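Residue numbers (UniProt numbering), protein chains in the order written: chain A, 1 to 267; chain B, 1 to 621.
Take these hints with a grain of salt, some might be off.
Here are the computed lysine to aspartate or glutamate pairs in the DMTMM-like style, where the Cα-Cα straight-line distance is at most 25 Å [as the list claims (entries may be wrong)]: (1) B/Lys616 / A/Asp230; (2) B/Lys382 / B/Glu396; (3) B/Lys173 / B/Asp128; (4) A/Lys241 / B/Asp128; (5) A/Lys241 / B/Glu396; (6) B/Lys382 / B/Glu412; (7) A/Lys118 / B/Asp202; (8) A/Lys118 / B/Glu412; (9) B/Lys194 / B/Glu235; (10) A/Lys247 / B/Asp214; (11) A/Lys118 / B/Glu396; (12) A/Lys153 / A/Asp230.
Label-pair distances were calculated between CB atoms; the ranges are [said to hold, decoys possible]: (13) B/Arg542 / A/Met150: 18 to 28 Å; (14) A/Gly186 / B/Glu62: 40 to 50 Å; (15) B/Phe252 / A/Phe116: 51 to 61 Å; (16) B/Lys616 / A/Gly172: 22 to 32 Å; (17) A/Asp157 / B/Ser575: 31 to 41 Å.
Since the hints were made in silico from the structure, they are not lab data.
Keep in mind it's a predicted model, so treat the numbers as computed, not measured.
Every residue gets a Cβ at the ideal spot worked out from N, C-alpha and C, and that includes glycine.
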Amino acid sequence: MEGCPRNRETCPKLLDLIHQERKWYHDEEKNNADQEKKLELRLAPPGGDEEDGSAMKKKNIDTRNNIKKEAEEKSIFNLSGNHFSSSNKTTYAPPHISHKRTAPGPVVGWPPVRSFRKNLASSSSSKLGNDQINKSGDEEKQVQPKREGMFVKINMDSVPIGRKVDLNAYSGYEQLSFAVDKLFRGLLAAQRDASGGEGEGKPIIGLLDGKGEFTLTYEDNEGDKMLVGDVPWQMFVSSVKRLRVIKSSEISSALRFGCSKQDKMKN
Amino acid sequence: MAEEDLSEMAKDVELHLKLDPPLSANNKPSRSFKTSSSSSPPPCDTSHVLENVLENVLKFLESRRDRNAVSLVCRSWYRVEAQTRSEVFIGNCYSLSPARLARRFTRVRSLFLKGKPRFADFNLMPPDWGARFAPWVAVTAKAYPWLEKVTLKRMFVTDDDLALLAASFPGFKELVLLCCEGFGTSGVAVVANKCRQLKVLDLIESEVTDDEVDWISCFPEGETHLESLSFDCVESPINFKALERLVVRSPFLKKLRTNRFVSLEELHRLMVRAPQLTSLGTGSFSSSTENAGQGEQEPDYASAFRACRSLVCLSGFRELAAEYLPAISPVCANLTSINFSYANISPDVFRPIIRNCHNVRVFWALDSICDEGLQAVAATCKELRELRIFPFDPSEDSEGPVSGLGLQAISEGCRKLESILYFCQRMTNVAVTAMSENCPQLTVFRLCIMGRHRPDHVTGKPMDDGFGAIVKNCKKLTRLAVSGLLTDKAFSLIGEYGKLIRTLSVAFAGDSDMGLRYILEGCPKLEKLEIRDSPFGDAGLRSGMHRYNDMRFVWMSSCRLSRGSCSDIARALPSVVVEVFGSDDDDVDVDEDNADYVEILYMYRSLDGPRKDAPKFVTIL
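In isolation and in its complexed conformation, chain A is listed as follows (with noise of 0.2 Å):
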């Protein structure tokens, strides 16, 4: 009497790690192909024929009768799910293939609330300080998993509308700057122009390097404020929380001279 998933397995042997899950989880860092072919997902018996995954799925859609049997089979199966999730992400982000379960474990939103009620357990033990209360409120909206590219939000002096930027479609800085010139240009100009605009606007141009009117900064995962552009690429993305746009006049000369934590992170 179950509704059914669209992909499911019956690999019994599975059942054995649930108890030892962190063991495996360990072990599968460890693994070699040989293993992990054993442990795929599959509706075959385990040792069974070395069928293609999705065909299964496909009969899957045929041979959706035997629920009593899944009861069983859906518990391991998340963990399965999760495991053989791409070894990359940091965070938390189910493969869709692990929402179809009726088993024991989430279930993508189930129960029917929505995200700000789904963290009142936790919030609520810490009463003490609004410090910490206000942390929790970012928390409630990183529970969700969410598969979305990497938004920042991005403001600049004197426009009072911020923008978003998905720092995943860029692959450098220079696209950066080419973008934050484009979503901005024409807020600018609108801002300066009281009488309403003749055109886009001068470009944006100089952000990187200081010698623009305007620079791009950013905020980092620690609180601190630094120029954009210093450190590679990636680490840039893996660290940087919100990014400004400020005039280049109002850099400290103490940024600017770089005597900053970029400085002590090159030496």
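Here the structure of chain A is known, so what remains is to put chain B in place on it, guided by the hints.
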């Protein structure tokens, strides 16, 4: 006929009166009503007089269902109705284009637009699916310069949209954003600043990004027209001093819902300055750290509540410090609406408070009040119309402090109950049946047994009988959400007895296609059907072919549908838009062998065909 919203009526009118394109003079026999495109002067004066009379009469007609009926009488009535309709409700923003709206209705003052289907709230829909406000604001900006009110639900609204709104409507008065996203405090700031006639700014359950803009300070100086300001969903601190000044210069303010960054001390300051409030969102309802334990004289909170003689609605309590809750006692007897659904209140703390709340009609709370708390509600709140109990710990294997016991108690004490949403871990058919018998006024029954496929925990049987009793006994039922272990029999009962049901929500239920067939071959008034993770397949879907033109939408996710049947429906019903997509928005390259499986089907009727703004991951068949 099914629900008579704009699109449905418009469609029928199109079909029956053939308004677009204009009638050609050649092959049509003369008719008794005039064409709007006629170039000759109207044949006689009485028709003009009639239209004037009609216009003056129709101005009094507010209900959209009545207006929809009026518009079908004849062309003349259609035209006059279109010119006098000032409030337009659009239940699905994709059921028609903004241009069509502007063509038909010429003097709109208030617009209510709904976008995404409800399951989007639970992350079942990939982001960037659509429901953008942008095309609507662009068209209405030109068509309705005197627009005063906009209400949006589950729409994607950007800061630019808000800026355009603020710039385009000089008389703009009311903005209500329910469950929306895509904008931030900078957009709110622009509205606050530019809409000088603003009376209502309500941000409710929306996601508002923190652009670090002090939007409260953006309200213009001088006396405001503000009557309602709700920002309890804004998850960023506000400038309290500016809020205080705003409240002082807003003499018409009746509803103020603050967010959790407003402490109890700050709330006190606001209450003292605005004792005329009728609705108060209390913010955190806990003391800020500076004052805690310093022995400073604490403000007299009870006295501040006592001074608010008009207060009838209380909400907030985001980080409730339970020792302060008794401060609300002076207003309890007047309260008609209480929302404790963010507060982890134990039964001991709860009982003394609720004992005085005789007039409560709407009550929302967490299940932390337990069955005992519900019994206390049942003993006191005889006027209760709407109850919502949310889970403090929304997981499938949590303790479950409320059960059939609480449900039954409520049914026995609150006979006037009309609407209930109840989350629990376990339930019995007996309790659900009791409610069906004790509460004949029920129009909304939504029971969520959080453990999937869970049977009656006393008898071990499916929950079929309980839900069956609900549809049999609650003759006014229009909205139903089911859960727990359910067989096809439950759906047979729903199909047979759910004669007025307009919205049905199904999850992890049923045995086979028959379940879906029972629904689609029964439930004559069904408009909105949302199903997830249930074993309903192509045969079931096809059985509803005769209905989909008359429904607002059907959502089916993680069921047993294949592309073929969805394509068949799309082919057979040209005025139904059939969208299929996966739950991941990066599933753009469809896995070849799996291409036939439909993870999510969302289909809806539309007057203007498939939308042009569908993202790549959506396929419109």
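Here's how the hints hold up against the structure:
no., hint, in the structure
1, B/Lys616 / A/Asp230, "violated, 35 Å"
2, B/Lys382 / B/Glu396, "violated, 32 Å"
3, B/Lys173 / B/Asp128, "violated, 29 Å"
4, A/Lys241 / B/Asp128, "holds, 21 Å"
5, A/Lys241 / B/Glu396, "violated, 34 Å"
6, B/Lys382 / B/Glu412, "holds, 10 Å"
7, A/Lys118 / B/Asp202, "holds, 23 Å"
8, A/Lys118 / B/Glu412, "violated, 31 Å"
9, B/Lys194 / B/Glu235, "holds, 23 Å"
10, A/Lys247 / B/Asp214, "holds, 20 Å"
11, A/Lys118 / B/Glu396, "holds, 13 Å"
12, A/Lys153 / A/Asp230, "holds, 20 Å"
13, B/Arg542 / A/Met150: 18 to 28 Å, "violated, 43 Å"
14, A/Gly186 / B/Glu62: 40 to 50 Å, "holds, 42 Å"
15, B/Phe252 / A/Phe116: 51 to 61 Å, "violated, 30 Å"
16, B/Lys616 / A/Gly172: 22 to 32 Å, "holds, 24 Å"
17, A/Asp157 / B/Ser575: 31 to 41 Å, "violated, 50 Å"
In terms of the numbered hints stated before, the structure departs from hints 1, 2, 3, 5, 8, 13, 15 and 17, listed from lowest to highest.
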